[in-house]
Amino acid sequence: GENVEQHPSTLSVQEGDSAVIKCTYSDSASNYFPWYKQELGKRPQLIIDIRSNVGEKKDQRIAVTLNKTAKHFSLHITETQPEDSAVYFCAASNYQLIWGAGTKLIIKP
Amino acid sequence: DVKVTQSSRYLVKRTGEKVFLECVQDMDHENMFWYRQDPGLGLRLIYFSYDVKMKEKGDIPEGYSVSREKKERFSLILESASTNQTSMYLCASSSGLLTQYFGPGTRLTVL
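One line per chain: the protein sequences are R and V, in this order.
The first sequence lines up with residues 783 to 891 when you count with my numbering.
The second sequence lines up with residues 3 to 113 when you count with my numbering.
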């Protein structure tokens, strides 16, 4: 069946540096790619999404890129801050969201 | 603001008990979902519903059932709880098949 692979499972970066999380998907018909952030003890919340007719989307310090040919998409966080520490989930959807396993992002002071 | 609420934040039950987890959303969303979240395994879909009285199995439906008698309410039922059902349970709702809005979660412990 369809699946989404997410890497790395844990990412530790120095505060102020950039962080990149990558996902690959198997269903070539997928056309919607959201990213969710889950802070410790809280619910997952959508932070950014991209549709298949767009290659890149930015929102302040976060950006998502999509390569449909290679079937992968990435989340980029620049100038990381302590409040960026969380678990990040990617997902891909044709008619149903298929989730990645999550990446725990640790921001070192 | 979308509001998704779950009946309990923490729940402790004994093996063999019947357990009800309830989820209510106030945005008239047609779609509702139940997930379980375990460390390293991400979000795994148990059941979802696209309409009242309609349900579809997700990836891990075994040992669970659901009920959707009203549009705003989606219940997850553990007919006979087992220790391997100890987990965090998250409910979500959406309009269309895109952005899902999550509830705060119920941490269930089965002893």
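The hints are simulated quantities; they were obtained by calculation from the structure and are not laboratory data.
Quick caveat: nothing in here was measured; it's all calculated off a predicted structure.
We treat Cβ as the ideally placed atom computed from N, Cα and C, and that holds for glycine.
Keep in mind that the hints are not guaranteed to be accurate.
Claimed, not checked - Chain V side only, calculated, beta carbon under 8 Å to chain R, not exhaustive: (1) Gly65; (2) Phe104; (3) Leu113.
Unchecked claim - Here are the simulated lysine-lysine pairs, DSSO-like style, with alpha carbons at most 30 Å apart: (4) R:Lys804 x V:Lys59; (5) V:Lys57 x R:Lys824; (6) V:Lys5 x R:Lys839; (7) R:Lys840 x V:Lys57; (8) R:Lys840 x V:Lys59; (9) R:Lys840 x R:Lys890; (10) R:Lys886 x R:Lys804; (11) V:Lys15 x R:Lys839; (12) V:Lys20 x R:Lys886; (13) V:Lys5 x R:Lys850.
Hint by hint, which ones does this structure get wrong, listed from lowest number up?
-> Result: hints 1, 3, 7, 8, 11, 12, 13 break, sorted rising.
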